[in-house]
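Chemist: Below, each chain spelled out in residue letters.
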Amino acid sequence: MNQFARNLIRKDSWSDMMMGNYAVARAMFETGVRVATTYPGSPVPEIANAILTVPEDHRDLYFQYSTNEKVALEVAFGASINGHLSTVFFKSVGLNVAADSAIQLGLLNLIGGMVIILGDDPGAHSSQNEQDNRHFARQSYIPMFEPATPTEAYQMFKEAVKISRKYQAPVFMRLTTHVCHAKERIRFAEIPEHPSDWTSQFNRHNGPYLPITKDVFPLKKKALGRLEELEKYAEQCHFNKILSNAPTKAGIITSSMPILSLQENLLESGASIDILKLGFSYPWPKGKVLDFLKSHDEVLILEELDRILEQEIKSLAFDENIQCKIYVRKTGDDLMGELLPHRTWKILSDFWPALFPPKRKPEQELIVGKRVPQMCPGCGHRSAFHAIKKALPDGTITVGDIGCHSLGFFKPYFMGEALLSMGHSNGTGAGLSIRNKDRKVLTFIGDSTFFHAGIPGIINAIMNNHNMTLVIMENGTTAMTGHQPHAGTGEIGDKISIQKLLEAIGVKFLSRVDTYKQSELTQHIKDAMEFEGFAVVIASHPCMLKFTRIQRQKPNYKQHHVHIDQNICNKTYECIEKFGCPSFTKHNDGHVAINEDLCIGDGSCIQTCPVTAINHANKEDKK
Amino acid sequence: MKSFNIYMTGVGGQGIGLLSEVLSKAFFKLGKNVKAVDTHGLAQRGGTVISQLRAGEIIFSPLISPHEADLVLSLERLETLRGIADMLKNGGKAIYYDAAFQTIDNRLGNDTYPTVTDLESVASKKDIKIIRVFRENLHDSRMQNIILLKELAHSDWIEGFTIELIDNILKEILSPKVYEKNEKLLKD
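Each protein sequence line maps, in turn, to chains A and B.
With this note's numbering, letter number 593 in the first sequence gets 593, and the count goes up by one each step, no holes.
With this note's numbering, letter number 13 in the second sequence gets 1013, and the count goes up by one each step, no holes.
You may find that some hints are simply not true.
As the list claims (entries may be wrong) - Which residues of chain B face chain A? A partial, calculated answer using Cβ under 8 Å:
1) D1038
2) S1061
3) R1082
Unchecked claim - No more than 30 Å apart at the CA atoms, straight line, and that leaves these computed lysine-lysine pairs for DSS-like:
4) B:K1093 to A:K370
5) B:K1171 to A:K558
6) A:K546 to A:K517
Said to hold, decoys possible - Chain A regions said to be covered by chain B (calculated; three or more residues, Cβ under 8 Å):
7) 183-194
8) 261-269
9) 339-348
10) 365-378
11) 410-417
12) 583-595
It should be emphasised that the hints constitute simulated quantities derived from the structure, not laboratory data.
For glycine and all other residues, C-beta sits at the position ideal for the given N, C-alpha and C.
Generate the whole structure from the sequences, applying the supplied hints.
Modeler: Below, the structure is given as structure tokens:
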């Protein structure tokens, strides 16, 4: 066990610089969480990384990577109704996958307690949208905490556990990207004794746990009643508090990360404005908000993303005939992206220009070219895209999915032209293929996504015999989120073979090829595209980032690279314009060289050079 | 009273994480209040990676507003230019390790990759003190961050940030094997 892991489970109180996600893991040990589940997704995968630093025999916390977020949530639910404190965590859009089950939770008695951690992503740093999951708390009658800092994430998780157990209710803790990844000094408390008790306590009389028609209304009534109780809790919850320097007639109601931007701005302007901070933000304390509105002449509601508090508080003010002027963000632009300090200043200056004088936007005298993410040097997906492109008839529509291979959409491949969500590709592809005599359809999916949500779309394609070709981009890991295992890797339980599974469900055209064998792959794709009906090609190569990291651990590791023979190179630029490995550098005089910092010597580029100017730098690397 | 803001940048895989880890621990040890934040996730695949760190007496947000960084530390030339253009205040300071990683648009000829002179002229226009570091034949590119930290210690731009302090922190956070290699480079 390393120092980090020893700290994570040490019994006494200690303090250190700690990232939000890690602090939450510590809170799990302090509260005695028994079952934790997840499907990896940014911004929360580091919670799992932290837990897993502690070997299984040193923790009474069972952890699992589940096949998807819905399964993860159900596993945590099952544990909770068996009497064990559980928690599940996933990214913002993971809640969409889990929603079918999550929507029921608020109606039930979770006797062990259950905390659902959501990793929302304002600014869409690593998500397909910036959906605001505060809506779901309302829809599902589930209470919600919203920490603004790593310290609060740690403290609020502990409070969420308390509330969850007291009310036997599920509780949301909504983190956002820069709460998850922020680091600050945190003082951790002691870990109390949590006697190990794995006795099965499931009893249907604690339920009902099945929503038969006659129980729908009583369950809903109970859920609504519980929300009323929780609103009373919200009134005295110490995370809902007023911050005030000196009594003023101007106030701001806010929650989560924007409060930090607000405090920075108050510090800079020196203005005195009272703040009502809602850390327990649903159900929020009506009494406290009402008092705040009554005791101020003007109140700004400052929230990130959608107009949720704005509308709810204005509606309360209307009902109560409140005279206080209520300000809300003026433009649609303010509903997008993170409320960073400088953007918050602009909003404040919209209402109090004297306190927050408008700042002139510094002139952008220099436009610096973008650096879009790319597949890593040696990535098997690059070889795959390069080879597949050669096989596609003109007009072929390519449908991508979520994962590293989504990067195929960028230059120079432009492959995977439509994308909705995890596992969508074969549903979307099927729709594109219906009565489509003019254009072929090719879909992609990664191996982790295949298990996550890909299988129903594939079965649908078999069942309805859709005429399209699926390429499974198999790299043997969940690469984008940091190399977590999945059902097909064999790191957890027996390895499930995608190939055997597809054979068993009746895929009639099925082949498999290593993506580094580019001309073979091109031929496989050509054959698949000519096949009438649903065809699958498994384009396989291990994730080279993971592979290289493992190699680098070995004692006699030597970095290999390729070399370009300048006497042979005729500057057709196939390597940079079509293959597109970032290890190539094009110099001003037009010659192409290898960036040895980046090149890993995999040699997948060698076959792409029409005049074979590229070769291994050392002859013995060839093997 | 004002905070000291450090904006760290580079390309995914270069070891910005370690850079930010060392600096945040250093300020912590120097008794400063620190808040920091790193990029994780998708951007790490060959994209621009940033870490932000703010130290001082009162710090609320870990995020630096545009043109409010006091110091840019960068591991790549183009990203240095971006950091200076977007984040560094006029009259600020910058140290960069001169690794050059072209973008796809550089290779396709849609954008030109900056020269060292380009960087210097932008720096002088904005009254920025800029230091370039580079080490020929560095056998492991992932140790460029150590060269940068070393230069930062030599610059005396952060009071109390010494080679000994870096050494102590590396010893704390790295495995003994990795520490040994880094220590050698740090003290050579």
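Chemist: For the region 183-194 of chain A, do at least 3 residues have a Cβ located nearer than 8 Å to some Cβ of chain B?
Modeler: The restraint on the region 183-194 of chain A holds, since 3 of its residues have a Cβ under 8 Å from chain B and three suffice.
Chemist: Per the coverage rule (Cβ-Cβ under 8 Å, at least three residues), is the region 261-269 of chain A covered by chain B?
Modeler: holds (count 4)
Chemist: Quick check on D1038 of chain B please, does its C-beta sit within 8 Å of some C-beta on chain A?
Modeler: OK, holds: D1038 of chain B within 8 Å of chain A, min 6 Å.
Chemist: So, R1082 of chain B near chain A? Judge it on the closest CB pair being under 8 Å.
Modeler: Hint holds; R1082 of chain B Cβ to chain A Cβ min 4 Å, cut 8 Å.
Chemist: Count the residues of the region 410-417 of chain A whose Cβ falls closer than 8 Å to any Cβ of chain B, and tell me whether that reaches three.
Modeler: It holds, with 3 qualifying residues against the three required.
Chemist: Is K546 of chain A close enough to K517 of chain A, meaning Cα to Cα at most 30 Å?
Modeler: holds (20 Å)
Chemist: Holds or violated: K1171 of chain B and K558 of chain A, Cα atoms, limit 30 Å.
Modeler: Satisfied, since the Cα-Cα distance of roughly 24 Å is no more than 30 Å.
Chemist: Holds or violated: are the alpha carbons of K1093 of chain B and K370 of chain A at most 30 Å from each other?
Modeler: Since the Cα atoms of K1093 of chain B and K370 of chain A sit roughly 23 Å apart, the hinted pair holds (cutoff 30 Å).
Chemist: So, S1061 of chain B near chain A? Judge it on the closest CB pair being under 8 Å.
Modeler: At 4 Å from the nearest chain A Cβ, S1061 of chain B passes the 8 Å test, so the hint holds.
Chemist: If you count the residues of the region 365-378 of chain A with a beta-carbon closer than 8 Å to a beta-carbon of chain B, do you get 3 or more?
Modeler: It holds, with 11 qualifying residues against the three required.
Chemist: When I compare C-beta atoms, does the region 583-595 of chain A have three or more residues closer than 8 Å to chain B?
Modeler: Three-residue rule met by the region 583-595 of chain A, so holds; n is 4.
Chemist: Are there three or more residues in the region 339-348 of chain A whose C-beta lies within less than 8 Å of some C-beta in chain B?
Modeler: Coverage by chain B holds here, the residue count being 3 at a Cβ distance below 8 Å.
Violated hints: none; the structure is consistent with every hint.
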